[in-house]
Amino acid sequence: MLIQLSSAALMAAEVAEEHAEGTPPLVYGAVIFGIFMVLMFATMAFTSLGHRHEATPEHVDPQRQFPNKHDHGQGIPE
1 MLIQLSSAAL MAAEVAEEHA EGTPPLVYGA VIFGIFMVLM FATMAFTSLG HRHEATPEHV
61 DPQRQFPNKH DHGQGIPE
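So for the sequence shown, full-length UniProt numbering puts the first residue at 1; every next one is plus one.
If you are wondering where the hints come from, they were derived from the structure by calculation, not from laboratory data.
Okay, the calculated beta carbon distance ranges per label pair: (1) A12 / S48: 55 to 63 Å; (2) V27 / S6: 31 to 39 Å; (3) S48 / L26: 33 to 41 Å.
Just so you know, these numbers come straight off a predicted model, no measurement behind them.
Every residue gets a Cβ at the ideal spot worked out from N, C-alpha and C, and that includes glycine.
Kindly generate the complete structure, drawing on both the sequences and the hints.
Here it is in structure tokens:
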């Protein structure tokens, strides 16, 4: 079976046409690098959004479906 497989591979290699390389690897690398740079700049552009306002504690809502039971009574009562 191995001989049949190797002879089929040799036959296919003889029949196969010459491989034509379409795009050089540096172009692929440059495109991927450019995509990562765009993603990095988008991330850096939105990093300050979380620091615009002071954090405020969440109000206690007794009608909440899943109430926060970990505040130990320190929430802001209304």
